[in-house]
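Asker: Same order as they appear, the protein sequences are chains A and B.
Residue numbers for the first sequence follow my numbering, so the first one is 1085 and each next one is one higher.
Residue numbers for the second sequence follow my numbering, so the first one is 974 and each next one is one higher.
Just so you know, the hints here were simulated from the structure itself, not pulled from any lab data.
Predicted model, so just to flag it, every value in this text is computed and none were measured.
Among the hints, erroneous ones may be present.
Said to hold, decoys possible - From the structure, some residues in chain A lie toward chain B, with a derived Cβ separation under 7 angstroms:
(1) E1093
(2) L1096
(3) G1099
(4) A1109
(5) P1112
(6) W1116
(7) V1117
(8) V1120
(9) A1123
(10) R1132
(11) V1153
(12) E1192
Unchecked claim - FRET-style restraints, in silico, Cβ to Cβ:
(13) B/A977 to A/E1118: 38 to 48 angstroms
(14) A/R1132 to B/Q976: 22 to 32 angstroms
(15) A/M1115 to B/R1029: 16 to 26 angstroms
(16) A/E1226 to B/D1036: 38 to 48 angstroms
(17) A/L1151 to B/P1141: 24 to 34 angstroms
(18) B/R985 to A/V1138: 37 to 47 angstroms
Where is the CB? At the ideal position from N, CA and C, for every residue including glycine.
Here's the letter readout for the chains.
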Amino acid sequence: MSRGFQQLESGLERGLRELGPRLDAPPPRTMWVEAVKDAVDFEARRWRRTRRLVRLVRPLVGMAAALLVLTVGFPAPDVPPNDMLAHVSADPDAAVAQWLGALEDSGERLTALVDQDTLLDYTGNGSDTGGTDADPLRLIEESLDHFESMVGA
Amino acid sequence: MDQAGFDRLLRRARRRDPEALHELVDLYSARLYGLLYRLTSSRETAEDLMQETFLRLVRTIGDYEHQGKFESWLFRIAANLARDHARRRKRRGRAATIECSSGAKDSGSFDLADPRQPDPECETERSEMEQRLNESLQGLSDIDREIILLRHFSDLPFREIADMLDIPLGTALARAHRAMKHLRGALRDGA
Chain A
1085 MSRGFQQLES GLERGLRELG PRLDAPPPRT MWVEAVKDAV DFEARRWRRT
1135 RRLVRLVRPL VGMAAALLVL TVGFPAPDVP PNDMLAHVSA DPDAAVAQWL
1185 GALEDSGERL TALVDQDTLL DYTGNGSDTG GTDADPLRLI EESLDHFESM
1235 VGA
Chain B
974 MDQAGFDRLL RRARRRDPEA LHELVDLYSA RLYGLLYRLT SSRETAEDLM
1024 QETFLRLVRT IGDYEHQGKF ESWLFRIAAN LARDHARRRK RRGRAATIEC
1074 SSGAKDSGSF DLADPRQPDP ECETERSEME QRLNESLQGL SDIDREIILL
1124 RHFSDLPFRE IADMLDIPLG TALARAHRAM KHLRGALRDG A
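Chain A on its own, in the form it takes in the complex (with noise of 0.2 angstroms):
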């Protein structure tokens, strides 16, 4: 930093310091720091239930379309029929790789649907004070219990 730079920032270091009373600002009441903590406490609760909710159906995923893979076979024509089909590869475990790949995409924009709508649903007609508002997000966390103690998760 050039010396000209210096002097003008300590010298306005120097003039806020004397401002610096005036600026200040009443601290925020009480009652609203503890509802900004417990807005806080919705979303983390909301974030955490996303991921969890992606961690369990991600690979629960992959193993149907495995399963579905073995079961009936993956059709692989040497020459694909029309244009639509021109990027699909000829080899069986690419198209295979590329089946999945599509599958975990698709997953993914399901879950950040389902944190959109969970958003909104906050947002709109939201409390996060546990009141009947908070009923939907309850049940989606009963039926993960549920789904977990169905797949021994």
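Keeping the supplied structure of chain A fixed, place chain B upon it in accordance with the hints.
Answerer: Same frame as chain A, now just chain B:
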């Protein structure tokens, strides 16, 4: 809190640990609120924007890569929210004035149970000096006001504020100098 302790706190916050998030609210709420209050001149708007800042922190802290610039990251979120709010306000043609808590809510705020009640401090806020300070702050350009208030309420040096606002350091210093002169003049004339 030392740097190692703060790093641990951020790691816990990235896992959305509620206690760590509460600790961040305790650490930053007063200064963020101060910044937002002075930027918006409204207690209620500042409270709403402070809440939104912390909600965005929870949503996006996973994307934050810790390089010792957490404060810069957090204050940037708050300043951006205040800027968006001012833009919406201007579009609606409403001038910023000191507002006291009267239970009225801005549209677009969260539907939390609203703990805001008429505030006995309101009269103090309306004091002449406060009004003058508010008017002189509103008389500054948005960027000049942000530079001065960010420097006052955050621990960020001018260099980081300049980076945050994407302007050269010299410009930030010159703008701060001009803003300071304006504020001093306005407060002295009214004294």
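Asker: Name the hints, by number, that the structure is in violation of.
Answerer: 11, 12, 13, 16, 17 and 18
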